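Visitor: With the hints in hand, could you dock these two chains into one complex?
Quick mapping for you: the protein sequence lines, in order, are chains A and B.
The numbering of the first sequence is numbering that gives the first Met the number 0, which starts it at 0 and goes up by one.
The numbering of the second sequence is numbering that gives the first Met the number 0, which starts it at 0 and goes up by one.
Hint data in this document are derived by calculation from the structure and do not stem from the laboratory.
Computed from a predicted structure; not experimentally measured.
All C-beta atoms in this analysis are idealised placements derived from N, C-alpha and C, irrespective of residue type, glycine included.
Hints may contain errors.
Claimed, not checked - Computed spacing ranges between beta-carbons, pair by pair: (1) A:Tyr56 <-> B:Gly140: 25 to 31 angstroms; (2) A:Pro65 <-> B:Leu155: 25 to 31 angstroms; (3) A:Val46 <-> B:Pro151: 39 to 45 angstroms; (4) B:Leu20 <-> A:Arg200: 56 to 62 angstroms.
Unchecked claim - Facing chain B, according to a computed beta carbon distance under 10 angstroms, are these residues of chain A, among others: (5) Val21; (6) Asp38; (7) Ser52; (8) Glu81; (9) Phe140; (10) Val176.
What the hints assert, rightly or not - Sample of chain B residues at the chain A side, in silico, Cβ under 10 angstroms: (11) Phe64; (12) Ala77; (13) Pro104; (14) Leu127; (15) Gly129.
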Amino acid sequence: MLKMSLVGHQSPPFFRRGPTPVARLLALVALCLVMLIADLRFRYLEVVRQALSVVTYPLQMVAKAPVDFVRNATVYFATLVEVQVENADLRRSQLEAAQRLLRFEHLERQNEELRRLLGMARSVEIHSVAAEILYDAPDPFARKVILDKGAHHGVVTGLAVVDAYGMIGQITRVYPVQSEVTLVTDKEQTIPVQVERSELRGVLVGGGKGLLEMRFVTADSDILPGDRLVSSGLDGIFLAGLPVARVVSVEPDGEAFLRVLGEPLARVERAVQVLVLGRATPAPPRPLPSSALDLSADSVESGDSAGEAKPE
Amino acid sequence: MQPTHRSNRILQPARTWFIYLSLLLALGFTYIPTGRLPGVPDWMALVLAFWCIREPLRVGMGAGFVFGLLIDVGHGAAMGQHALAYVLLCYFAGVLSRRVLWFPPLQQSLHVLPLLLLAQFIMVAVRLIGGAEFPGWWYFGSSLTGALCWAPLSFLLLLPQYQPVDRDDNRPI
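So that you can see chain B by itself, here it is in the shape it has in the complex (with noise of 0.2 angstroms):
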């Protein structure tokens, strides 16, 4: 059965190896060299929303700068750039967070897409002040992949939490 926002309430609490893994996992995703292929979405900030989104207690701005400069490093990037727009996505996906969740996965999603292009302006700034040249528009097509793989994605995050507490076979979900 599909979950729906409206089923919040009967939700487990995650667990935090569970977010940590997922994480990870995303970092992994974000390592995959895939050159100049336009609009590849953003693995990390995805998830990195998702769970600021939905445990703003448990995960905020030190791990959007903790996976922001293993992103900066493994990318070869500018040190700071990843974590500077990741802190300021966590920040924001934090103060949302109580606002998102009453809307259906899709309005979720328009939600989403302006904290990604905040990371992305963010980071073409500070490389534009650093000297680099302009890496063209379509580099900003991935917020707009990453949006629409938030519907999906999130259901996917909440599959472990759906799981009931004990086991019954009589139960719809």
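Only chain A is shown next, with the shape it has when bound in the complex (with noise of 0.2 angstroms):
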């Protein structure tokens, strides 16, 4: 009797927990998991992150409130001599620019002349955007700021983020009306330099210590303490001849390379102001392996057609 009245009921919810919690953990950490390498390794969850931070981003800007607050804050109350040195400062710079602004319009125009009597491609126009380091990016895994300007005013990722002295780091994420920026000096941080004396081409990687690590650099190359690292350009995305870094150090590493450690030109740490610059235009696509014509020397001097041209 009792028996029947069992079996036709379910057990009462407090002893229906579904899977053990074992089970679940197990689950969800192969999931999380899952979600890292996908995201550490191959970048296939950016799709998902904007996703979900239309759900986050009222959230974040009630959260900020606060510390905008304080911000403006101390802006509010500091004090009348500091405005007034600050002042005085800013006029001497400016004039400084002025003079040199005048010339360079004159160089520019001369430079554009040249360019159409020889026939070059037109110099690349600059898009360029003015924004202000808002803080530290909260991760402390790595060395990034936040911009109060985002994809609402022309920001996209990959641009070049420079301040007076030089860049400071590469736009890698854009929010609606923010930005994140990774620092020159972040251990993932690559830029494509070139050595302003001796047209050297490298690439700089952030050490994660402060210094820029120039990497394979050959034992014979012309490379001297000293000397200014400038972007090349050659990756498409940044425009050349930003300032990127002074070189402290030349020390031969092994038999082939030197090991070239530069310091930042720019105020990676302290700027606030800083100008957002990249191509107006895309630049031009790389031209495709598939594409390549088979033309070798041999071949063009015997008159082969191309593709038959075969060694002795």
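Guide: Shown next, in the form of structure tokens:
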């Protein structure tokens, strides 16, 4: 009789707990690991991140209100003396800049004229957005900062961010009205550069300790402490000629290579007012390997058709 | 009157809307951009641990996963970094839940400290494997301040449950 009464009934809710906690733990941990690998290794999850950030955005705006308030309050209570000193500094630097600007306009016209005479391509037009650094990014594992301009103001990923002295970083993620800059000192930030004096090309990598390291410099290269490194623009993203770093030490690293360390020229950790710079038009696309013509020197000389030339 | 751990018997059950409101508030507090200020407690981990210990049948690893993911998105961290840490935090908080509540608040916070440290160690391990740089030892300071905040926070989160079922002016608490 007791057995009969139990058959028709479900167990009370207290005993229905679904899969065991260990099973749920393993499933969720596996899901997290898959997401981590997809994000850190392959960057597949940017779409999911954008979609979820629509949900979190209002809460984030509310959360940053007190920080904005404190920041505005400190600006409001800046003393008169500080403002006067700063104002005098700015007047002086503006006067210096004005002189150079006058010459610059003249040179630019001249450059345009010469390029036209030589039949060269026009120099790259610049797209720039003035922005302000709001705060350090909350992620303590990377050197990133947040700017107050975002997709609404024309910021896109990949643009260079400079202050008055040189490059401080690159836009790596864009939100509607904010964007995230990875600083040049971040461990994963890479910039194609050129030594200004000798035009030697190379790749600059953030060391993570505040210094930058120029990689794969062969031992016979012409590079000295004190050389300025500027962006080479070979990536098709950065503008050429933006100052990035000054070489502080050149040491032999094994037989074949040099260990070149540089310090950033820009005030990477202290800048507040910055400029986001990029090309107004995208760089021409790279040629595809499949469209390469098989023209070698001996095939041209002997008059053979392309593709049939064989070495002896 | 100061409620103590001994007054568990007369607590009202926690309301579901209050649980989720407190989790959302913790999410908001975690979103406050404090930059590199050392020792800011991880409010989300604290509130999740609190509910996993108090209500292990209603808040568990699923909540840890969802709120961890929201923090990953808001902080621009690696997707799944906080989620993984909070899932493990919630699991161990659930395991400890029957034991922790027998202790007074100070000793409860000594139980919570290793949970918070575990979550942080997992995040550091994940990011170091992913190639990031070590943020420095001050990073773990937020677990210490978090453990210090445990007693006042659990008092605040228990306040709604201390209300009497029916209003009685002569009731002492």
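Visitor: Could you run down the list of hints and mark each one as holding or not?
Guide: Outcome of the hint check:
1. A:Tyr56 <-> B:Gly140: 25 to 31 angstroms: About 29 angstroms separates the Cβ atoms of Tyr56 (chain A) and Gly140 (chain B), which means 25 to 31 angstroms holds.
2. A:Pro65 <-> B:Leu155: 25 to 31 angstroms: This hint is violated: roughly 19 angstroms between Cβ atoms.
3. A:Val46 <-> B:Pro151: 39 to 45 angstroms: Given about 41 angstroms between the Cβ atoms, the range holds.
4. B:Leu20 <-> A:Arg200: 56 to 62 angstroms: Given range 56 to 62 angstroms: holds, Cβ gap about 57 angstroms.
5. Val21: holds (8 angstroms)
6. Asp38: Holds, about 4 angstroms.
7. Ser52: With a minimum Cβ separation of about 5 angstroms from chain B (threshold 10 angstroms), the hint on Ser52 (chain A) holds.
8. Glu81: violated (22 angstroms)
9. Phe140: holds (4 angstroms)
10. Val176: Because about 14 angstroms separates Val176 (chain A) from the closest Cβ in chain B, which is outside the 10 angstroms limit, the hint is violated.
11. Phe64: holds (5 angstroms)
12. Ala77: With Cβ-Cβ at 5 angstroms, under 10 angstroms, it holds.
13. Pro104: violated (26 angstroms)
14. Leu127: holds (8 angstroms)
15. Gly129: holds (4 angstroms)
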